[in-house]
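Asker: Below, each chain spelled out in residue letters.
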Amino acid sequence: MDTCAQLVILTLAAGTPLVFAALGELVVEKAGVLNLGVEGMMLTGAVASFIVTADTHSPWLGVGAGALAGAALSLVFAVIALTLLANQVATGLALSLFGVGLSAFVGRGYISVVIEGIKPLSIPGLSDAAIVGRLLFGHNPMVYLSLALFVAVQWFLHRTRTGLVLRAVGESPASAHAIGHRVIALRYAAVLFGGACAGLGGAYMAVAYTPSWAEGMTAGRGWIALALLVFATWKPWRVLAGAYLFGGVTLAQFQAQAAGVAIPSQLLAMLPYVATIVVLAIISRDATTIRLNAPASLGRPFHPE
Amino acid sequence: MRIALEARREASRAAILLAPLLATLATLVAGFVVFEALGKDPVAAFHAFFIRPLATRYGVGELLLKASPLMLIATGLAVGYRANVWNIGAEGQLTLGAIAGGGLALAAGDAQVPSALLLPAMIVAGALCGMAWAAIPAWLRTRFNANEILTSLMLVYVANLFLSWLIHGPWRDPDGYNFPQSKLFTDAALLPNLVSGTRLNAGLLIALAVVAIEWLFIRRSVWGFEMRVAGLAPAAAAYAGISSKRNVWLGMLAGGACAGIAGVNEAAGPIGQLLPTMSPGYGFAAIIVAFVGRLHPVGIVFASLLMSLLYLGGESAQVNLALPSAVTGLFQGTLLFFLLAADVLVNYRLRAVRARPAAR
Chain A
14 MDTCAQLVIL
24 TLAAGTPLVF
34 AALGELVVEK
44 AGVLNLGVEG
54 MMLTGAVASF
64 IVTADTHSPW
74 LGVGAGALAG
84 AALSLVFAVI
94 ALTLLANQVA
104 TGLALSLFGV
114 GLSAFVGRGY
124 ISVVIEGIKP
134 LSIPGLSDAA
144 IVGRLLFGHN
154 PMVYLSLALF
164 VAVQWFLHRT
174 RTGLVLRAVG
184 ESPASAHAIG
194 HRVIALRYAA
204 VLFGGACAGL
214 GGAYMAVAYT
224 PSWAEGMTAG
234 RGWIALALLV
244 FATWKPWRVL
254 AGAYLFGGVT
264 LAQFQAQAAG
274 VAIPSQLLAM
284 LPYVATIVVL
294 AIISRDATTI
304 RLNAPASLGR
314 PFHPE
Chain B
396 MRIALEARRE
406 ASRAAILLAP
416 LLATLATLVA
426 GFVVFEALGK
436 DPVAAFHAFF
446 IRPLATRYGV
456 GELLLKASPL
466 MLIATGLAVG
476 YRANVWNIGA
486 EGQLTLGAIA
496 GGGLALAAGD
506 AQVPSALLLP
516 AMIVAGALCG
526 MAWAAIPAWL
536 RTRFNANEIL
546 TSLMLVYVAN
556 LFLSWLIHGP
566 WRDPDGYNFP
576 QSKLFTDAAL
586 LPNLVSGTRL
596 NAGLLIALAV
606 VAIEWLFIRR
616 SVWGFEMRVA
626 GLAPAAAAYA
636 GISSKRNVWL
646 GMLAGGACAG
656 IAGVNEAAGP
666 IGQLLPTMSP
676 GYGFAAIIVA
686 FVGRLHPVGI
696 VFASLLMSLL
706 YLGGESAQVN
716 LALPSAVTGL
726 FQGTLLFFLL
736 AADVLVNYRL
746 RAVRARPAAR
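Residue numbers (our numbering), protein chains in the order written: chain A, 14 to 318; chain B, 396 to 755.
No lab work stands behind these hints, which were simulated from the structure alone. Among the clues, some could well be false.
Now the in silico label distances, taken between C-beta atoms and shown as ranges [to be verified]:
(1) B/746 / A/195: 43 to 49 Å
(2) B/572 / A/313: 55 to 61 Å
(3) B/451 / A/198: 17 to 23 Å
(4) B/409 / A/174: 44 to 50 Å
(5) B/572 / A/274: 24 to 30 Å
Each residue gets a CB set at the ideal place from its N, CA and C atoms; glycine is no exception.
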């Protein structure tokens, strides 16, 4: 049973970068904006958090820096795609390419640096007590942060007035604009929030999950987060479930490797990517469901006249 | 007073041509600022980045050598992009092309297969495998409605892991001191050199031929015309009965074939064997080349030269300025940002508005 608890903890740990990034992008897409730059923002958040942690020895300061860096990069996207009305697909791609280059550039001196990262909770008498104690109190603090983010996003989108307006903007910006809502301002806010969340996802990887910095260390998780939204048909709880499903797939790959399964590690490492493709195809097959659940104005520029 | 955007009645042709120049200029200015901030003398840095690489015959050869895969891949991608088919997995299709072409070269080994037979076979194999890899997202899109952006990108990781496995496993050179690399290709499997004293090879001619073919396809064929229509006015295209599935297939396969050939050219050209990484991100840089070149064959040729210069400049900056070569990726991304920003002038004109209009 103990290994069982351990597996749950590891699965959540592996899925958490996706929880952060996908929940952020969920808010962005709900506002009708498609930002394909998640991978770039995650890497930028990762490198920023790692550098700040290495220099200040405060991982939580690093996490804050990661969120800020992700948001700062997303601001570039917002200006080009929202104010200057550029093609969102192209701008998002540019953001990813730029983020990969930027993080490699600024992180060059930190590749083999060792830091004291954020450790899993260890509350005497609770975290080590029986299975329930470990399942409740044995996670990394940032895992709890991601769960808080999930509750906040779910509550914001479906229980607040601003959340309702945000969804209206995503469905029909022209109507929302006509009744006096500030479409562009709201979209800016959503994009910045998404950037901060992606930055947090990267920061989690750099200062809590691994903790280390390597070029391109998110290894496509930003793109998997985007696929996750389709898988989740843009519903927060399904985003959470999907993220942990992929966490489980990642984990299975590591476990198989550790157990010495006679499959080369490179072929095992394909697993999360192949799983993403397969799941994406299965979910997308039902075009009607996708059309009904995707924000109607997703990816279309809006110019208030 | 503030600046407002006013929609143009039709896209400005002048802005379409000016935007890339404006973006290049802005990138240079940004580079100036970055070099200054890094405490490098900007003039010396610019000299190292943009002048020194071209000072020698060898350097000019390198420029054309690196421009070849970029223009080849960008040309293929542009076919799809024109019809809003977003293949961003060219890097993986390049890898598959290298595996196919390289596999053939390794299989031929010392069997004395004449070059005139082996090289064309390698190129065809590379093109076919690149197409096969691109066919997966095309099929998933047309059959399952799956987003080709995400599937093609995921397949990049799969392709690179596959190559890595081959090089670490069955295709590793037994006499290679355990380094992850294949055997060297025999001379028959190497592209002939074009200019002595440089590494420039026949890959450039292949790339230029493909650019010419693409120009004919776009300007002179019905399918090419229909793809342009589908990109400009999807609703009109659907009403006119233009098959969107065929556009997806054509767009993806064209990109896959070109990237596959580029992979063979890299393996049979400057590299001469198979390594775990066959390209310094040509498949991604080609996306930028396609946009900066305005998806136009001639524009793509020029844009590929510019992007190639950024690669060379990054290498030169590494040697001469002790800057990391990652600065190349930074410049490439910046260039695309500025281009997309400048593109606002294609469909809108800037107008100074004195005050906010009182009523809407």
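Asker: Now look at each hint and say whether the structure bears it out.
Answerer: Okay, the hints, checked on the actual structure:
1. B/746 / A/195: 43 to 49 Å: violated (21 Å)
2. B/572 / A/313: 55 to 61 Å: holds (56 Å)
3. B/451 / A/198: 17 to 23 Å: Violated - the Cβ-Cβ distance for residue 451 of chain B and residue 198 of chain A, about 54 Å, lies outside 17 to 23 Å.
4. B/409 / A/174: 44 to 50 Å: holds (46 Å)
5. B/572 / A/274: 24 to 30 Å: 28 Å Cβ-Cβ, so the 24 to 30 Å window holds.
Of the numbered hints listed earlier, those contradicted by the structure are 1, 3.
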